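> Residue strings, one per chain:
2 protein chains.
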Amino acid sequence: MVKALILIADGTEEMEFTITYDTLVRAGIECTSAFIPRGLSPYGSSDTSPPLAVCSRKVKILPDVTLNPLDAGPEKYDALVIPGGMGGAVTMAGSTEVQNLVHSYYNHTEKRIIGMICAGSKVAITAKLPGQPITSHPSVQSEFPDHFDYKEQNVVVSDAVPGKATLVTSRGPGTAFPFAFTLIELLCGKEKRDEVVGPMIFPSGTVTGYPF
Amino acid sequence: MVKALILIADGTEEMEFTITYDTLVRAGIECTSAFIPRGLSPYGSSDTSPPLAVCSRKVKILPDVTLNPLDAGPEKYDALVIPGGMGGAVTMAGSTEVQNLVHSYYNHTEKRIIGMICAGSKVAITAKLPGQPITSHPSVQSEFPDHFDYKEQNVVVSDAVPGKATLVTSRGPGTAFPFAFTLIELLCGKEKRDEVVGPMIFPSGTVTGYPF
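Just so you know, the protein sequences line up as chains A and B, in that order. Numbering of the first sequence is given in the UniProt record's numbering, commencing with residue 1 and proceeding in unit increments. Numbering of the second sequence is given in the UniProt record's numbering, commencing with residue 1 and proceeding in unit increments.
Just so you know, these hints were derived from the structure itself, not from any lab. Take the hints with a grain of salt, since some may be wrong.
Copies of the same chain look alike in the list, so a pair counts if it fits in one copy or across any two.
[As the list claims (entries may be wrong)] With a straight-line Cα cutoff of 27 Å, these simulated DSS-like cross-link-like pairs (lysine-lysine) come out:
(1) 164 - 76
(2) 60 - 3
(3) 60 - 192
(4) 151 - 190
(5) 58 - 190
(6) 192 - 58
(7) 164 - 3
(8) 192 - 3
(9) 3 - 111
(10) 76 - 58
(11) 128 - 151
(12) 3 - 128
(13) 111 - 190
These numbers come from a predicted model, not from an experiment.
Taking the hints into account, I'd like the entire structure generated from these sequences.
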């Protein structure tokens, strides 16, 4: 069974998180959400027990687990997904555990997929991924060093570095469906993607194949 | 301040709930989510305390309140929203409290808005709303009695009965953004709608004005 680990923190964009999680589940992917405590981030610490993520527009989501780096690696999951929402993305980008996790997926001997959407793409900077095609929410575009090839595309799929993970990046809540369907196409194939699209009843012409 | 009450139950479609809640908050609308216990529905009862909604694809959302009919009426909120997800919609459609709530909004002396999406439109049947243009997820289309004017449109806005609430219905997760933007346009005007659309970064051509 294909498995995905989806990170969540206080301030995560609840639509980007929920659209990805739900749509991947519809494709038969086993999703696990892992809470990233705020620790020493500038957004302070208010961790509850069990951890409850208070998202960017105050939807309160109970994550499946709190991140345990020993049980969250690429030997267990096929994909790692990092949603946006500035508060959550700052926490994740500043977390050594998340940076190390991204490294382990990026460099795994078997090819893995790393998805980042909206401000979540900030983690590509702090984890010091090599330069490659990338996108993000426009509000954080200026933070990307010149060695990244910044694209204003809805979804960017990068296989720039041979033998490393595929990096899938996207822009915001409005591109979250194309982002999720790209992950499904890469993890489960185009046929599964088409099977999931149907019952979701998209307005005609709004969901087409990658590149979106 | 414009206020909306959004219902949630075990089995609610988490994307339809979250997209509506989050997008309305972005428009400055004060949103309150109210949990509908399963009671005697065929889906059984497993209410937790505080109530936690286990949604259709197992995203776990903590509602803001449990429904208190005495504090949920149209004198307090401008709009009532009923999301889909078959399990949640069956609970809501079978709830006398929800049926009465829909009646109070529908017949309020000041015009209110009632939004129903996907299987959530089943509540229009059990609450015995008068015949008018309506839509829903295709999987429940056959349940609508003949006096409804069923439309295969992404969003249907009905003001069919003078002096009653405006009924806004929609089809599924894929039409949840147009559904939310229609609610915003009716509650806050077209200018506010356009202001909210921008930063969400939709692929060009996928979000246009009503009718979608």
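> Which hint numbers doesn't this structure obey?
none
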